[in-house]
Amino acid sequence: MKIHLILSTVLLLVLVACTRETRDFQQPAALSEPASGVHMSELHPGGAPVPKPITNPFESNAYGVSEGKRLYESYNCVGCHAHGGGGIGPPLIDLKWIYGAEPANVYATIVEGRPNGMPSFRGKIPENQVWEIVAYVRSLSGQLSKDVSGGREDHMYGKKAESSTPKENPKISRPLGNPVPEHKQ
Amino acid sequence: MGAGEVASLLRRRMSASPQIAPLIRFGQVLLRTFPGLFYCLVLLSGCSDSRNHISQGKHPEQESNYQSQAYKGKMEPDDGQWIRPAKDLASTRYSSLDQINTGNAKTLKLAWTFSTGLVRGHEAAPLVVNNTMYLVTPWPNLLYALDLTKPGAPVKWTFDPQPAPESQGVACCDVVNRGAAYAAGKIFYNTLDDYTVAVDANTGKLVWKMRLGDIHKGETMTMAPLVVKDKVIVGNSGGEFGVRGWVTALDVNSGKIVWRAYSTGPDSDVLIGPNFKPFYAQDRGKDLGVSSWPPDAWKIGGGTMWGWMSYDPDLNLLYHGTANPGPWNPDVRPGDNKWTAGIFARNPDTGEARWYYQYNPHDLYDYDGINENVLLDLPINGQTRKVLINAERNGHMYVIDRTSGEVLSANPYGYVNTATGVDLKTGITQAVEEKKPRFGAVVREICPAAPGAKDWQPMAFSPRTGLLYVPHNNLCMDMEGVDANYIAGTPYVAANVRMYAGPGGHAGEFTAWDPVAGKEVWKIKDRFPVWSGALATAGDVVFFGTLDGWFKAVDAHNGSELWQFKCGSGIIGQPISYRGPDGKQYIAIFSGVGGWAGAIVAGRLDARDPTAALGFANAMKDLPQYTTKGGTLYVFTLP
Numbered sequence: 035m036k037i038h039l040i041l042s043t044v045l046l047l048v049l050v051a052c053t054r055e056t057r058d059f060q061q062p063a064a065l066s067e068p069a070s071g072v073h074m075s076e077l078h079p080g081g082a083p084v085p086k087p088i089t090n091p092f093e094s095n096a097y098g099v100s101e102g103k104r105l106y107e108s109y110n111c112v113g114c115h116a117h118g119g120g121g122i123g124p125p126l127i128d129l130k131w132i133y134g135a136e137p138a139n140v141y142a143t144i145v146e147g148r149p150n151g152m153p154s155f156r157g158k159i160p161e162n163q164v165w166e167i168v169a170y171v172r173s174l175s176g177q178l179s180k181d182v183s184g185g186r187e188d189h190m191y192g193k194k195a196e197s198s199t200p201k202e203n204p205k206i207s208r209p210l211g212n213p214v215p216e217h218k219q
Numbered sequence: 133m134g135a136g137e138v139a140s141l142l143r144r145r146m147s148a149s150p151q152i153a154p155l156i157r158f159g160q161v162l163l164r165t166f167p168g169l170f171y172c173l174v175l176l177s178g179c180s181d182s183r184n185h186i187s188q189g190k191h192p193e194q195e196s197n198y199q200s201q202a203y204k205g206k207m208e209p210d211d212g213q214w215i216r217p218a219k220d221l222a223s224t225r226y227s228s229l230d231q232i233n234t235g236n237a238k239t240l241k242l243a244w245t246f247s248t249g250l251v252r253g254h255e256a257a258p259l260v261v262n263n264t265m266y267l268v269t270p271w272p273n274l275l276y277a278l279d280l281t282k283p284g285a286p287v288k289w290t291f292d293p294q295p296a297p298e299s300q301g302v303a304c305c306d307v308v309n310r311g312a313a314y315a316a317g318k319i320f321y322n323t324l325d326d327y328t329v330a331v332d333a334n335t336g337k338l339v340w341k342m343r344l345g346d347i348h349k350g351e352t353m354t355m356a357p358l359v360v361k362d363k364v365i366v367g368n369s370g371g372e373f374g375v376r377g378w379v380t381a382l383d384v385n386s387g388k389i390v391w392r393a394y395s396t397g398p399d400s401d402v403l404i405g406p407n408f409k410p411f412y413a414q415d416r417g418k419d420l421g422v423s424s425w426p427p428d429a430w431k432i433g434g435g436t437m438w439g440w441m442s443y444d445p446d447l448n449l450l451y452h453g454t455a456n457p458g459p460w461n462p463d464v465r466p467g468d469n470k471w472t473a474g475i476f477a478r479n480p481d482t483g484e485a486r487w488y489y490q491y492n493p494h495d496l497y498d499y500d501g502i503n504e505n506v507l508l509d510l511p512i513n514g515q516t517r518k519v520l521i522n523a524e525r526n527g528h529m530y531v532i533d534r535t536s537g538e539v540l541s542a543n544p545y546g547y548v549n550t551a552t553g554v555d556l557k558t559g560i561t562q563a564v565e566e567k568k569p570r571f572g573a574v575v576r577e578i579c580p581a582a583p584g585a586k587d588w589q590p591m592a593f594s595p596r597t598g599l600l601y602v603p604h605n606n607l608c609m610d611m612e613g614v615d616a617n618y619i620a621g622t623p624y625v626a627a628n629v630r631m632y633a634g635p636g637g638h639a640g641e642f643t644a645w646d647p648v649a650g651k652e653v654w655k656i657k658d659r660f661p662v663w664s665g666a667l668a669t670a671g672d673v674v675f676f677g678t679l680d681g682w683f684k685a686v687d688a689h690n691g692s693e694l695w696q697f698k699c700g701s702g703i704i705g706q707p708i709s710y711r712g713p714d715g716k717q718y719i720a721i722f723s724g725v726g727g728w729a730g731a732i733v734a735g736r737l738d739a740r741d742p743t744a745a746l747g748f749a750n751a752m753k754d755l756p757q758y759t760t761k762g763g764t765l766y767v768f769t770l771p
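So the sequence lines, in the order shown, correspond to chains H and P. The opening position of the first sequence corresponds to residue 35 in my numbering, with each subsequent residue numbered one higher. The opening position of the second sequence corresponds to residue 133 in my numbering, with each subsequent residue numbered one higher.
Hints listed in this document are in silico derivations from the structure and should not be mistaken for laboratory results. Keep in mind that a hint or two might mislead.
[As the list claims (entries may be wrong)] Straight-line Cα separation of at most 30 Å, DSSO-like style, residue types lysine-lysine; simulated pairs:
| hint | chain 1 | residue 1 | chain 2 | residue 2 |
| --- | --- | --- | --- | --- |
| 1 | P | Lys238 | P | Lys282 |
| 2 | P | Lys753 | H | Lys158 |
| 3 | H | Lys158 | P | Lys349 |
| 4 | H | Lys130 | P | Lys716 |
| 5 | P | Lys206 | P | Lys409 |
| 6 | H | Lys180 | P | Lys518 |
| 7 | P | Lys568 | P | Lys241 |
| 8 | P | Lys288 | P | Lys349 |
Treat the numbers as computed from the prediction; the structure is a model and nothing was measured.
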C-alpha cells in the first residue's frame, strides 16, 4: 500500500517535471488555429458567448520560453520593444495591453500585425516559433509561473550579476549558551 | 629625458610652428641658464598628461576673460518673416528684431496658443510668411495655416497628406517632423511615409506629391527640406533599419527628381566625379563607398540624411552631413564605411560632390554626422576664412574651411573620452582604444553617448556677440555589441545600450561658444538634455526650451536668466522670432515632449528595462514626473 503511494507520488512529480522540461521538436497541429479565440473587448452585447481562451503549451515549458527569448532577439522584436521596456513599440513588461494580453491576442498581434506600426510577421516566423515568442513576451509581465520564466534582463546595469559575486560566509549556528570562540588569524 | 632633449624637442616644435619661434628660443635660453627649470616643466607636463589620460576624457576649455567681438562677416537681410527652420541659408537662426531686449524680456507675456491635439514629439519650427503661420505636426503630418492678421490667429486651412499609419512602426525615434520650407508660393515638407509634398501657401491645395522611399525597407522622412534656387532638397531617415541613405533634389514646380546622391555604394551613385577633391588622402580613391565595407554591406549601410543642410550662394555649394553606418555594432562592418558619418559639399544643380570629410570613420557609437552647419566668415590665424561650424555628435566643435574641406580646429565642447582629439594634419580622430565597443562585452562609461554631445537640436549664432548658442547633451553610456540579423523593415542595430548623465550628474547643457577662440564662454546646466533648438535675437536675448517644459530667455552675453515660462509639455521644438502684422516682435515655440529623448513620456516606456528607447529611457527615468505629453504652440510678445 505504502509503496503504491510513494510510486504514484514519484510518477506525478515526473509528469509535472516533464511539462516544464520537455522539448517537443514535432509540434502538435492544434497550435495552428489561433484566431478563433481572439477577442478584443470584454463587452459582449446581448450576452453572446465568450470565446474560450486558448492555452499556449509553451507557457508551462521553460525550454519553450527560453527559445522564445532567443527568437525574440533574432527576429529583431528587441529592436522596437527593447528587453520589454519598449521604444518604437510599447513596453511589454508592464500591465498595459493595447491589443489584449491573452496568448491568442499576442499571437494575433505578431502574425497579423496592428495598424499603428506593429508589422505582420505572417509567413516570416513559423507558427510554433510564434507561440514560443508569445510565451516569452507574456513571461516579461509576469503572466507565466515563475518556474518557467527567466529573470529580467539586467546585465547592462553596472553592478555585477549576483552569481558572479563572491559568496558570503554562512553564519554558523551555535547551541545557545556556548561562547563564540575567539577568531584566530 | 634630460634638459638637452627637452630643448631639442622644443626645437622640433619650433619648426612646426614658426609663429611661436621667439618664445621657444627664449625657453631654450632659460633651460640652459636654469637647469632646475626642467624639473618644473616635467612636473607641469605630468599634470597635463594625467588630465589627458585616456580613461579620463576631456572637458571643454573655458575662456577666462571674454570680450564680445561683433561678427564682421555678412548676414542675410532679415524681412521679419521666418521662411525656413534655420532662418537663413547660412543656418544662423538669428533674428534681427530687437524690440525684445535684455531690459524688457522679463515682461514677456503669452499672446495666444494653438493645440495640435497630438501627443507625440513636436520638433518642428513654425514658419511665418505673408502674415500666415505654417505648422507641421508629427505623424499624421498635418499642415496648419494660421491667419496672423486676425485675433487669436484662427485656422485658415488644414492640409492632411494622410500618411500610412504603418510608417509609425519604422520611425526609430518617435514620429517627429522637423519642419517645412517656403518658396515660390508653396510650402514643402516631408511625410513620415516618404513623400515630399508641395502645398499652395494660399489655398492649402496640394500642388504635387512625390514618393521617394519605401517604409517596407524601414525608410521614413522626418527632416525639413531646404530650397536652393529651383530645387527642393530632401533626405531620408532610417539609419537604425539598415536603409541606404540618400539626398534627393526635386524640381520645385513639378516635383520631378533632378538628382539623387546615395551615401554608400559606387561613385556613380554617390555622384562622385572628376570635380571631387576631398582635402584628406583617406577620402581619395575609386568607389570607396563599396571597398570600405564588407561585400554588399553598403546596400544596408545607413548614412541617411535626416538632419540639416546649408547653402553658400557665392560658392554655389550645398552642405549636408551623412548619418551613422548600420548596424550600430561596428564589428560586423569592418572598414571606414564611407561615406557615412561625414559631411559633403555638393553642387546643388547637379548633386555632384565637391569635397567630403569623415568625422567618424568606421563609426563606433551612432555618431550621426547630420547636425546643422553654420556658415560664417571668421578670422582664423589672422586670415578671414570661409568656414562652416558643426557641433558634431562626437563632442568636437569642427571649424572647417568650406571651400576645401580642411579642418581648421576641432575642440571638445562637451565631455569626451572616446577620442583624445582630432589630428588637424590628417583629419583623423584619435580614438581611445579602451572605449571601443566589443562584441558580447559591455564597455562602460563611453562619453558622449549615442545621441552625442549634441544631437539634431540646432544651435544659433548672434553676429552681435560673435557667439554660438549650443543646446546639447551631457550623456554617457554602456554599450554591448550583439548579433546582427537584417530583416527588411525591422531594426538593424545589434547593440545593447544604457545611457546616463555624464560628469556632474546633469544630462543637458546650453553652451555659449566662441568659434574663433574655440572655447566655451558660459554654460547653463540642465537636469535633462536640452533637446530644443536655440534662437538668437538682436535684442541680445537668446531663447531655448527644456525637456521639462520651461521656455527660457537668457542674456546673450552672460547667460543670466531674464524670463521663463512653464509650457504644458516638454519642449523639443525650435523657437522662432517674427514681426507680426501689428509691427510687434513675436516669439513662437512648440511644446510637446517626445523625440528620442522624450520617448519615455510620449511612448509611455518602462525604464525598469535600461535598454528601452535604445538605452535613452534609462537616462530619462524621472522625466515622466516632470512633464506630460501633448502638443501646443505658444506665442509670446511684450505687453
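Hint check results:
no.: 1; hint: P/Lys238 <-> P/Lys282; in the structure: holds (26 Å)
no.: 2; hint: P/Lys753 <-> H/Lys158; in the structure: violated (35 Å)
no.: 3; hint: H/Lys158 <-> P/Lys349; in the structure: holds (15 Å)
no.: 4; hint: H/Lys130 <-> P/Lys716; in the structure: violated (48 Å)
no.: 5; hint: P/Lys206 <-> P/Lys409; in the structure: holds (27 Å)
no.: 6; hint: H/Lys180 <-> P/Lys518; in the structure: violated (65 Å)
no.: 7; hint: P/Lys568 <-> P/Lys241; in the structure: violated (50 Å)
no.: 8; hint: P/Lys288 <-> P/Lys349; in the structure: violated (37 Å)
Going through the hint list in order, the structure does not satisfy hints 2, 4, 6, 7 and 8.
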